[in-house]
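**Student:** Can you build the whole structure from these sequences, using the hints too?
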Amino acid sequence: MWQPIVTAPFSRILELAVLDEEGAHSLVFPCERTEMGWRNAIIGVPVDIHPTHWRDWIEQKRPANDSPAGADDGRASN
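According to this note's numbering, the sequence shown is numbered sequentially starting from 1.
It cannot be assumed that every hint is accurate.
[Said to hold, decoys possible] Derived CB-CB ranges, DEER-like:
(1) E21 <-> E59: 26 to 34 Å
(2) D48 <-> F10: 14 to 22 Å
(3) V6 <-> V47: 23 to 31 Å
(4) E21 <-> G44: 28 to 36 Å
(5) I43 <-> V18: 14 to 22 Å
(6) S11 <-> E59: 12 to 20 Å
(7) R39 <-> V6: 15 to 23 Å
Honestly, the hints are just simulated from the structure, not real lab data. The model shown is predicted, which means the values in this text are computed figures rather than measured ones. Cβ coordinates follow ideal geometry from the N, Cα and C atoms, glycine included.
**Tutor:** Shown next as structure tokens:
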């Protein structure tokens, strides 16, 4: 279940979702929240993103249309 980004824990591997003019999209790589911001959890480099939702990263591939529609912010993905 998607959670609001303000509740994202530090030092945990997460799947993030972002909103843009086309709707909500989940990132294809895991991220970790640090004191300095977000970083790519695979290669360790900072990423300049402004996510809206998070959930625990699951190693198996998620369906492409699995977006945070109906998440707590009330926005739909399409």
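**Student:** S11 and E59, beta-carbon distance inside 12 to 20 Å?
**Tutor:** Given range 12 to 20 Å: holds, Cβ gap about 18 Å.
**Student:** E21 and G44, beta-carbon distance inside 28 to 36 Å?
**Tutor:** holds, 30 Å
**Student:** Hint says 26 to 34 Å; check whether the CB-CB distance for E21 and E59 agrees.
**Tutor:** Taking Cβ atoms as reference, E21 and E59 lie about 30 Å apart, which means the hint holds.
**Student:** Confirm or reject the claim that D48 and F10 have a C-beta distance inside 14 to 22 Å.
**Tutor:** Cβ of D48 to Cβ of F10: about 18 Å, so the range 14 to 22 Å holds.
**Student:** State, for the Cβ atoms of I43 and V18, whether the hinted interval 14 to 22 Å holds or is violated.
**Tutor:** The hinted range 14 to 22 Å holds for I43 and V18, with Cβ atoms some 19 Å apart.
**Student:** Does the Cβ distance between V6 and V47 fall inside 23 to 31 Å?
**Tutor:** At roughly 18 Å between Cβ atoms, V47 and V6 fall outside 23 to 31 Å, so the hint is violated.
**Student:** Has the hinted range 15 to 23 Å been met by the Cβ atoms of R39 and V6?
**Tutor:** holds, 18 Å
Hint compliance for this structure: hint 3 alone is broken.
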